[in-house]
Every structure is written in structure tokens, then in C-alpha cells.
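Q: Heads up: the first sequence begins at 4 in our numbering, then just goes up one per residue.
Hints may be right or wrong, so weigh each one.
[Stated by the list, open to error] Ranges of calculated distance between the beta carbons of each label pair, as one might list FRET restraints: (1) R249 <-> R133: 44 to 50 Å; (2) R16 <-> A44: 23 to 29 Å; (3) F116 <-> W224: 18 to 24 Å; (4) G71 <-> G105: 20 to 26 Å; (5) R249 <-> G143: 35 to 41 Å.
Simulated from the structure, these hints should not be mistaken for lab results.
By construction, the Cβ of each residue, glycine as well, lies at the ideal position given by its N, Cα and C atoms.
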Amino acid sequence: MPELAEVDYFRRRWDAGVGAGVVAVHLHSAARVFRGCDVAALAPRLRGAVLEKSLAHGKQMLFGLSGGAWLGVHLGMTGELRVEAAGHRAARHDHLVLHQAGRALVFADSRMFGRVRFDLSPEGPPAWWRDLPPGILTPGFSEGWVAGHLGRRARAPLKAVLLDQSIFPGVGNWMADEILWRLGLHPLTPAGALDAEAQSAVRQHTRWVARRALATIGVDWRDPPAAWLYRHRWASGNRCPRPPCRTFLVREEAAGRTTCWCPACQPPLPGTTRSSAAKPVRTGHRREKPRAGQA
DNA sequence: ATCTCTGTTCACAA
DNA sequence: GTTGTGAACAGAGA
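My request is simple: use the sequences and hints to build the entire structure.
A: What follows is the structure in C-alpha cells.
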């Protein structure tokens, strides 16, 4: 589930427990989500600590507790944060439960691609957090930052570059498709094929999608408007939501991930895309109707 | 039974 | 060094 906006939604859920102490910790210490984590130190340190703050950065979350304890959470593919009633009994996939007087904060993850970290760092957030790349909505996510990385990955498909967390932290599969659709660029467009104007557009659309997703999904899991590709990319009989277009959307694998795009609004840049590079996944009917011009 | 999946990482090929 | 591919992780849901 989780990309930048979904992550922030889950982070806010646990804010119900900010300012309150942790009276007990329950965890499935052998669960894969604790790989690389000092589980033995975690429970004793969190017990009795007060949850002071929550932070989100792309797909990463960090919870600060009194005593310099920091709990990092990545939700992977199926992770979620919930708030349950006080005394909650951990279900099968509830790998970490922070019991507070008034509620229980739960981290659950069925597939366990997610991950929990624990650090003691009295001076502030741990080093790995400080080393994260500039957030999409921060000044560091500049034209130079974006253009530089697009240039460095010149031959890589744009879709693959958008999914690179060290460049576009928080962008996941659906956000990448949404951004490409708004750019009018084919997912397999080589990143190096963009001119300065298109590079700037990549940054603008990325920021716009992130901001709007945070204001909808990020607040109450509300769907973004029907005018977004987001609302149509999985539906059957799926057509491009751009008003005059209505072309049947394509779903194929690109850069190793199922990718949805509009063949009319996102034609391949001439001479760039190898037509055999994408293999069909389960496409609807499609109409060959190339349209000239791209942003 | 079979296939899919809003993620990451690793080994290996080109 | 870069890029693509496939597998692995592990479970639920269609």
C-alpha cells in the first residue's frame, strides 16, 4: 500500500499516542521485520518512555521517544500502523505493539517486506535518517538535483528513475505512473532524452502529485479526484481520464513493475523506445492512435 | 490451483 | 560503472 502519502496517513494515526507513555511492549521478536534490529534492546528501552514526536520522509517513518530512543518504520508492501483499544491482544501479523494507558499502537505487516529499526541517539535523529536524500517538498529537491540525477541515469527508463528512492524519496508505483501521465511521457523514455524544460516539468509534477496526494490520501485515505490516472489505472475497461482523450489505457510491465499509461497522451519519444521492451500484463482493448506532440 | 500485488535487495548478465 | 532481469522475501485476495 504505502507510498509517500499513505505513509504519512499511517504516521498520523500513531500521533494519537504522542505525549503518552509506553507501559508495555509486545513484539514478535523473530519476525523478519526486525532484521538488522537490536530487538533485545528495543523493548526495555521503549518501556516507560514517552512517545514525543513522529516524522515521515518518503516511505520512511521515525518515532522519537524520551531517552533518545528512535523507532524507525518502513511499511514495505503490506505494512500498516493502527491504533487499537488498550490491552489489545496482538494478532498474527501484529509484530510490534506499544501499549499505552489509553490505547495500543500496532505495527502489522503480513508479507513482512517492511522493517523496524531501533536506535539510541540522544542528540537527535540517527545517522541513517539524516543521510536521507532531500524530501520532494523541501528546497533541496531543486532543479539542479533533479536534472543532475536524470543526466546521470541518462539511459535508464524514466519510470525506473522515478522509483529510485535515493532520488525521488516516497515515489512508488502509482505515483510514478501518475507523474509520467501528467508529463505526457512514455514510461520507457530514457531519462537523458529530456531537455531542460522537460527536466523542470518532472520536478514540478512530482511536487504537485506529492502535495495533492498528501492533502487527500495523506489526510483521511480519501481518493484523489477522478481526473487523476490513479482512479483508473486498475479498473477494467480503463480509459484515459483526460477529458477529450478517453483512449483505452495500457498495462504492461516496464522497469520491472506493472505500469499503466495512455498510449495517446504518452507516445514514445521517436527513436527511443524499443517496442519489444515491454511485455503485456493484462491489457484491455487498445486503439492505435498516436498523437503528435509532447510536453 | 493460479496469478497478482502501491517494495527492496541481491546475484548475474550484457 | 551502468542497466536490465529474475529471484527472493511471504502472505492475502481475486
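Q: Each hint should be assessed against the structure and marked as holding or not.
A: Do the hints match the structure? See the list:
1. R249 <-> R133: 44 to 50 Å: Holds, at about 47 Å.
2. R16 <-> A44: 23 to 29 Å: Since the Cβ atoms of R16 and A44 sit about 25 Å apart, the hinted range of 23 to 29 Å holds.
3. F116 <-> W224: 18 to 24 Å: holds, 21 Å
4. G71 <-> G105: 20 to 26 Å: holds, 24 Å
5. R249 <-> G143: 35 to 41 Å: Because 39 Å falls inside the window, the suggested range holds.
The structure is consistent with each of the numbered hints, conforming to all of them.
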